[in-house]
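Chemist: So the protein lines, in turn, are chains A and B. Position 113 of the first sequence, counted from 1, bears residue number 112 in numbering that gives the first Met the number 0, the numbering being contiguous throughout. Position 167 of the second sequence, counted from 1, bears residue number 166 in numbering that gives the first Met the number 0, the numbering being contiguous throughout.
Any given hint could turn out to be false.
[As the list claims (entries may be wrong)] EDC-like, lysine to aspartate or glutamate: derived pairs with alpha carbons at most 16 Å apart: (1) A:LYS119 <-> B:GLU72; (2) A:LYS99 <-> B:GLU112; (3) B:LYS103 <-> A:ASP34; (4) A:LYS26 <-> A:GLU43; (5) B:LYS40 <-> B:GLU26; (6) B:LYS103 <-> A:GLU108; (7) A:LYS73 <-> A:ASP34; (8) A:LYS99 <-> B:GLU113; (9) A:LYS99 <-> B:GLU169; (10) A:LYS119 <-> B:ASP164; (11) A:LYS117 <-> B:ASP152; (12) A:LYS121 <-> B:GLU112; (13) A:LYS119 <-> B:GLU60; (14) A:LYS99 <-> A:GLU61.
It should be emphasised that the hints constitute simulated quantities derived from the structure, not laboratory data.
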Amino acid sequence: MTETPRQMDVSLDVFEGPLDLLLHLIKKDDLNISDIPIAQITQEYLGYLDLMKDLNLEMAGEFLVMASTLVAIKAQMLLPAPDALEEETGPDPRAELVNKLLEYQRFKEAAGVLSVYKEKAKDIYYRAIPPPFSQDDFTLRASVFDLLTAFKRVLDQAPREIGQILREEITIESKIREVLDLLEAKSSVAFEELFSGGCRRIDLIVTFLALLELIRMKQIVAMQAEVFGAIRIYRADAAPQTPDVIPAEAGTQNLGLGPDFRRGDEQESQA
Amino acid sequence: MEPRDARNILEALLFITEQPVPLKAFEELFAGEFSRFDLEKMVEEIVSDYQARGSALELREVAGGWQFSSRPEFAPWIRKLFKDRLTYRLSASALETLSIIAYKQPITRSEIEEIRGVEVSAVLDTLGERRLIRIAGRRESVGRPLLYGTTPDFLKAFGLKQLEDLPSIESLMPPQAEPQSQLPLETQPQTQAESTNEGVPQP
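Can you make the complete structure from the sequences, with help from the hints?
Modeler: Given below as structure tokens:
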């Protein structure tokens, strides 16, 4: 963790969690971890929460839980120890927090060690093991054959139709709208999901035609993680990049798929 | 069988394998004919053979077994041709979570969250997809929660022969008293990898 410039008392490091933030504050002020000045640290901690709020940073609920823990400890320490009631001069109210901090700090160190190991091992290649892409790394364009194969599976699973069907017009246009509406809400959907609505074969077929049409018009793209893998349909402007740009920031939040990937409520990874 | 033939057999087996082969497997293969000690010597001979002739390949001990790898200096070329072999980076939260699992396995999700102070289910998914962790069973307690542990791929990705190669967690007591420096980074994995870029052209 880098030092922040003196004059601005603000670091924009993204904290992994409340413990991480607390450790940062302790280190910043050069405090003794086993004897934290709880009033001071509580104040600073709350200051950071305000700042995060001002910056509109997403704040996990855990940060607030920690805030209340800190305030509770502070209150407990302010209360005069009831001398009369001997049994109350029990353990330091900070003890539990300190232990947690120490343990967390240890694993943070361990994470640092692991990252050094990883760096050392990264240039060593073994005979092909399946590529370590996550399911979310849909970076290959699915070909029309892949689409057909996937569609055939959908059709095979659709119930057989019995008897006469009333003639009813289903236009490709209306299906195109449906698909686009769906992709407006989320930036990508699983191929199968597009077909979960209609159970009649004609519905499925027209939807599939709409899909092909949209791909032709470059409104959407069909991607997969590996050849013959599951297919996801992306809005064209939210499509993941092709492999060249994958390597850099493949964390948990953003799997190297470009800034738009996590837009909206699109979060689920496929089964 | 001549030791020389056995050695060639080992080399062939090691050439084709996609996973590290433990010595134990060879022991069973040559049951009675060659001892573990003999086999270990043969493997060492293969290692030094490849070194001596300046091969681009080397035989490494990793994840509880032996396997050929390319030498590190060729990595840029490998990444250039085989785009799917690009290395991925793990986020800080993924590394933290992974280190907790590595040291405390088998461990439940809520125990990890207790240590990290944040929710980790998304991170666990990522680590699982990258095959760095696996479900190692269920704890026989209320709710029978899943237990997580690391995989052989974890050892491979981090260049470890075995879990015991990790520095002990107690030794990782950080700066507080002393300035940071004493991380036991030297004791570790496969420093034979340290060969430098002697004359390998860059792509």
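Chemist: Hey, LYS99 of chain A versus GLU113 of chain B, does the alpha-carbon distance stay inside 16 Å?
Modeler: 9 Å, holds
Chemist: Could you grab the alpha-carbon distance between LYS99 of chain A and GLU61 of chain A and see if it respects the 16 Å cut-off?
Modeler: Since the Cα atoms of LYS99 of chain A and GLU61 of chain A sit roughly 14 Å apart, the hinted pair holds (cutoff 16 Å).
Chemist: Would you check the hint for LYS119 of chain A and ASP164 of chain B, treating anything up to 16 Å between C-alpha atoms as holding?
Modeler: 14 Å, holds
Chemist: CA of LYS40 of chain B to CA of GLU26 of chain B, is that 16 Å or under?
Modeler: Holds - the C-alpha atoms of GLU26 of chain B and LYS40 of chain B are around 12 Å apart, at most 16 Å.
Chemist: Against the 16 Å threshold, does the CA-CA distance of LYS103 of chain B and ASP34 of chain A hold or violate the hint?
Modeler: Not satisfied, since the Cα-Cα distance of roughly 27 Å exceeds 16 Å.
Chemist: Just to be careful, I want the Cα atoms of LYS99 of chain A and GLU169 of chain B compared with a cutoff of 16 Å; is the pair within it?
Modeler: Holds, because 15 Å separates the two Cα atoms, which is no more than 16 Å.
Chemist: Would you check the hint for LYS117 of chain A and ASP152 of chain B, treating anything up to 16 Å between C-alpha atoms as holding?
Modeler: Roughly 12 Å between the alpha carbons, so the hint for LYS117 of chain A and ASP152 of chain B holds.
Chemist: Does LYS119 of chain A pair with GLU60 of chain B here, judged by a C-alpha cut-off of 16 Å?
Modeler: This hinted pair holds, its Cα atoms lying about 15 Å apart.
Chemist: Does the structure keep LYS121 of chain A and GLU112 of chain B at a Cα separation of 16 Å or less?
Modeler: 28 Å, violated
Chemist: With a cut-off of 16 Å on the C-alpha distance, tell me whether LYS119 of chain A and GLU72 of chain B pass.
Modeler: Holds, because 12 Å separates the two Cα atoms, which is no more than 16 Å.
Chemist: Holds or violated: LYS26 of chain A with GLU43 of chain A, Cα cutoff 16 Å?
Modeler: The given pair, whose Cα atoms are some 13 Å apart, holds under the 16 Å limit.
Chemist: Would you check the hint for LYS103 of chain B and GLU108 of chain A, treating anything up to 16 Å between C-alpha atoms as holding?
Modeler: 15 Å, holds
In the structure shown, a violation is registered for the earlier hints numbered 3 and 12, in ascending order.
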